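Number of protein chains: 2
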Amino acid sequence: MLLGSIEAGGTKFVCAVGNEDYRVLEKVSIPTTDPGTTFTKVINFFKPFKDLAALSIASFGPIEIQKNNKLYGYITDTPKKGWSNVDFVGPIKKELTVPIFFTTDVNGSAYGEYVMAQLFNEKIQSLVYLTIGTGVGGGAVIDGTILGSAGHTEMGHVYVKRHPDDLEFQGICPFHKDCLEGLASGPTFEARTGLKGKDIPIDHHVWDIMSYYVAQAAIQQTMILRPDNIVFGGGVVSEAFLEKVRRDFAELNQNYIKVPDLKTYIRMPRIKDNGSATLGNFALAFKELGN
Amino acid sequence: MLLGSIEAGGTKFVCAVGNEDYRVLEKVSIPTTDPGTTFTKVINFFKPFKDLAALSIASFGPIEIQKNNKLYGYITDTPKKGWSNVDFVGPIKKELTVPIFFTTDVNGSAYGEYVMAQLFNEKIQSLVYLTIGTGVGGGAVIDGTILGSAGHTEMGHVYVKRHPDDLEFQGICPFHKDCLEGLASGPTFEARTGLKGKDIPIDHHVWDIMSYYVAQAAIQQTMILRPDNIVFGGGVVSEAFLEKVRRDFAELNQNYIKVPDLKTYIRMPRIKDNGSATLGNFALAFKELGN
Chain A
430 MLLGSIEAGG
440 TKFVCAVGNE
450 DYRVLEKVSI
460 PTTDPGTTFT
470 KVINFFKPFK
480 DLAALSIASF
490 GPIEIQKNNK
500 LYGYITDTPK
510 KGWSNVDFVG
520 PIKKELTVPI
530 FFTTDVNGSA
540 YGEYVMAQLF
550 NEKIQSLVYL
560 TIGTGVGGGA
570 VIDGTILGSA
580 GHTEMGHVYV
590 KRHPDDLEFQ
600 GICPFHKDCL
610 EGLASGPTFE
620 ARTGLKGKDI
630 PIDHHVWDIM
640 SYYVAQAAIQ
650 QTMILRPDNI
660 VFGGGVVSEA
670 FLEKVRRDFA
680 ELNQNYIKVP
690 DLKTYIRMPR
700 IKDNGSATLG
710 NFALAFKELG
720 N
Chain B
430 MLLGSIEAGG
440 TKFVCAVGNE
450 DYRVLEKVSI
460 PTTDPGTTFT
470 KVINFFKPFK
480 DLAALSIASF
490 GPIEIQKNNK
500 LYGYITDTPK
510 KGWSNVDFVG
520 PIKKELTVPI
530 FFTTDVNGSA
540 YGEYVMAQLF
550 NEKIQSLVYL
560 TIGTGVGGGA
570 VIDGTILGSA
580 GHTEMGHVYV
590 KRHPDDLEFQ
600 GICPFHKDCL
610 EGLASGPTFE
620 ARTGLKGKDI
630 PIDHHVWDIM
640 SYYVAQAAIQ
650 QTMILRPDNI
660 VFGGGVVSEA
670 FLEKVRRDFA
680 ELNQNYIKVP
690 DLKTYIRMPR
700 IKDNGSATLG
710 NFALAFKELG
720 N
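Those sequence lines, one after another, are chains A and B. To convert, count from 1 in the first sequence and add 429; that's my numbering. To convert, count from 1 in the second sequence and add 429; that's my numbering.
Each hint should be verified, as a subset may be incorrect.
The list treats identical chains as interchangeable, and a pair is accepted whether it falls inside one copy or across any two copies.
The calculated lysine-lysine pairs, modelled on DSS-like cross-linking and capped at a C-alpha distance of 27 Å, are [to be verified]: (1) K673 - K590; (2) K716 - K673; (3) K692 - K522; (4) K625 - K522; (5) K510 - K687; (6) K479 - K509; (7) K552 - K716; (8) K590 - K687; (9) K523 - K625; (10) K523 - K510; (11) K509 - K552; (12) K552 - K499; (13) K627 - K496; (14) K499 - K687; (15) K701 - K441; (16) K673 - K606; (17) K496 - K692; (18) K496 - K552; (19) K590 - K606; (20) K701 - K496; (21) K590 - K499; (22) K627 - K470; (23) K606 - K479; (24) K692 - K499.
Hints listed in this document are in silico derivations from the structure and should not be mistaken for laboratory results. This one's a predicted model, so the numbers in the text were calculated from it and none came from an experiment.
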């Protein structure tokens with residue numbers, strides 16, 4: 430039996446086929462162009478695998494995941510040109526005729542991290558995955574179930590307290606200006622300094638401003654969800670950056686909530702090379718078969 | 430079979446005995462004095478009910494709810510004098526010898542609202558209960574389970590964006606100064622204006638400042654949990670106040686997340702006269718029996 434994974438991002442679609450041990454057998458990266466061309470390439474990748482039993486899609490969003498909604502399986506109002514109100518599950522299902530699970534990219538990653546933690550016998554029941562990249566988003570898994578009954582989570586679009594040295598910055602979220610995504614996504618580096626984040630040394634003060642906001646996100650998730658740990662992914666995140674996040678988290682928490690050692694509580698992904706969503710998809714595809 | 434409820438607050442303990450239909454048969458209010466005196470009165474209330482099968486306690490906090498912790502069943506580091514590190518479940522269990530469920534006051538209320546919604550066939554899977562009173566706290570129920578695996582939620586101790594007309598106020602949280610509780614709990618009225626909230630007309634601008642923060646809490650819970658609805662309780666909350674919260678929520682959301690009609694999404698408790706926690710306790714006691 431083979432399981433399929435589609436990790437659909439704004440720049441590329443990573444497609445993979447794996448076995449029941451969640452090992453990757455074949456993987457391909459397809460550039461995100463228009464939906465028709467992209468879907469055709471995705472379908473052509475999977476078609477030769479006659480033993481494909483199920484597939485999971487972890488997609489950029491927003492997406493419709495309510496099965497009783499007539500737009501179930503669609504990418505809905507996305508700022509990405511050409512991709513608003515596009516049926517994603519429909520055309521794939523038509524050609525591949527296998528059960529498909531559909532969720533957000535961050536939920537896929539969160540699920541992969543959760544499964545990996547279980548495989549290594551970590552005693553955790555719940556976990557948040559927060560990505561800080563082109564956008565900011567998060568997903569949570571609680572007792573093996575992805576959080577969100579009215580729809581998928583949108584953890585980037587929350588408001589935070591301003592850093593005292595960042596009061597003039599307007600924020601860049603097209604919807605909310607200075608929500609978390611508007612203040613702490615990757616493109617805010619350029620908006621603030623004219624430089625890309627990757628070209629700014631970690632001891633530049635702008636990294637402290639970033640970590641202050643990301644630490645507040647961790648505080649929100651801690652107080653609202655009480656997860657066992659919080660995993661950070663995305664292009665902005667590094668171990669050196671997370672050290673700053675841990676410092677600011679401790680300062681903002683004031684020891685009010687007892688959390689585990691911050692080195693394990695606020696952490697990089699267990700799965701290297703952005704593999705969390707692929708593993709998550711394999712496990713979600715397997716689950717979609719009634720396992 | 431009889432079920433017991435203890436709703437333990439900083440000023441009073443409301444104890445009740447109910448039947449399997451969750452109807453209150455007898456109820457008493459005991460002033461919160463020192464732990465020994467208070468517990469003795471609680472035990473004396475329940476003792477005559479020979480058919481008491483189980484009990485649930487919804488307590489002010491913070492409390493220890495992890496069963497593998499040696500302080501399970503304790504009120505831990507509370508600012509309330511005489512109540513820090515006090516064993517709550519132990520002495521009650523010793524005298525009444527019934528199974529006891531132990532949770533926070535707001536979790537009890539959240540559970541009561543969830544059960545009531547199910548009894549009335551509302552199609553909801555998840556719900557948040559947020560109380561704005563002497564403090565700010567919240568609990569969530571998802572698919573019949575109280576949220577929080579690493580401990581109970583502390584939804585009041587999150588940070589928010591400042592209202593532009595409230596930049597000078599320092600906040601009154603003894604731990605975090607200007608967290609949500611520090612900016613939007615009942616005592617902030619007096620700290621800001623010298624007047625108690627109940628003496629300030631709803632068209633006074635301070636109510637707009639309050640609603641701005643409470644709406645941000647609703648935004649956080651919406652984006653992080655995607656609950657089916659959010660119930661507001663506590664002394665600060667009224668229907669007129671929630672109208673302001675709905676207005677600010679709409680403004681802060683910018684239609685980014687599609688939520689149900691705000692009149693039902695952001696709402697007063699289904700159960701009148703602060704009865705949510707009592708009903709929740711009856712249901713949690715019943716569940717503790719393996720139901």
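Evaluated hints:
1. With identical chains, the CA atoms of K673 and K590 are at most 27 Å apart both within one copy (17 Å) and between copies (21 Å).
2. In the homo-oligomer, the alpha carbons of K716 and K673 never lie at most 27 Å apart, since the shortest distance is 37 Å inside one protomer and 43 Å across protomers.
3. Taking the closest pair of Cα atoms, K692 and K522 never come within 27 Å of each other, the shortest separation being 42 Å inside a single copy and 38 Å across copies.
4. Neither within a single protomer nor between protomers do K625 and K522 lie at most 27 Å apart by alpha-carbon distance, with minima of 39 Å and 61 Å respectively.
5. In this assembly of identical chains, the alpha carbons of K510 and K687 lie at most 27 Å apart only when taken from different copies (21 Å versus 45 Å within one copy).
6. For the identical chains of this complex, K479 and K509 are neighbours neither inside a copy (33 Å) nor across copies (66 Å), given an alpha-carbon limit of 27 Å.
7. For the homomeric pair K552 and K716, the shortest alpha-carbon distances inside one copy (21 Å) and between copies (25 Å) are both at most 27 Å.
8. Taking identical chains as interchangeable, the C-alpha atoms of K590 and K687 lie at most 27 Å apart whether they share a chain (22 Å) or sit on different chains (25 Å).
9. In this assembly of identical chains, K523 and K625 lie within 27 Å of each other by CA distance neither inside one copy nor across copies; the values are 42 Å within and 63 Å between.
10. For the identical chains of this complex, K523 and K510 are intra-copy neighbours only, at 24 Å inside a copy versus 66 Å across copies, given an alpha-carbon limit of 27 Å.
11. For a Cα distance limit of 27 Å, the shortest separation of K509 from K552 qualifies neither inside one copy, at 39 Å, nor across copies, at 33 Å.
12. Taking CA atoms no more than 27 Å apart as the test, K552 paired with K499 passes between copies only; the shortest distance there is 18 Å, against 39 Å inside one copy.
13. For a Cα distance limit of 27 Å, the shortest separation of K627 from K496 qualifies neither inside one copy, at 40 Å, nor across copies, at 46 Å.
14. For the identical chains of this complex, K499 and K687 are inter-copy neighbours only, at 15 Å across copies versus 44 Å inside a copy, given an alpha-carbon limit of 27 Å.
15. In this homomeric assembly, K701 and K441 come within 27 Å of each other (Cα to Cα) only inside a single copy, at 18 Å, whereas the closest approach across copies is 53 Å.
16. With identical chains, the CA atoms of K673 and K606 are at most 27 Å apart both within one copy (24 Å) and between copies (22 Å).
17. Only between protomers do K496 and K692 lie at most 27 Å apart by alpha-carbon distance; the minimum there is 25 Å, versus 39 Å within a single protomer.
18. When the C-alpha separation of K496 and K552 is checked against a cutoff of 27 Å, the pair qualifies only between copies, where the shortest distance is 14 Å, while the shortest distance within a copy is 32 Å.
19. Taking the shortest alpha-carbon separations for K590 and K606, both the intra-copy value of 14 Å and the inter-copy value of 12 Å come in at or below 27 Å.
20. Within a single copy, K701 and K496 get their C-alpha atoms no closer than 32 Å, and across copies no closer than 34 Å, so neither meets the 27 Å cut-off.
21. Taking the closest pair of Cα atoms, K590 and K499 never come within 27 Å of each other, the shortest separation being 38 Å inside a single copy and 36 Å across copies.
22. In this assembly of identical chains, the alpha carbons of K627 and K470 never lie at most 27 Å apart, being 31 Å within a copy and 64 Å across copies at closest.
23. In this assembly of identical chains, K606 and K479 lie within 27 Å of each other by CA distance neither inside one copy nor across copies; the values are 48 Å within and 61 Å between.
24. Taking CA atoms no more than 27 Å apart as the test, K692 paired with K499 passes between copies only; the shortest distance there is 24 Å, against 44 Å inside one copy.
Hint compliance for this structure: hints 2, 3, 4, 6, 9, 11, 13, 20, 21, 22 and 23 are broken, all remaining hints hold.
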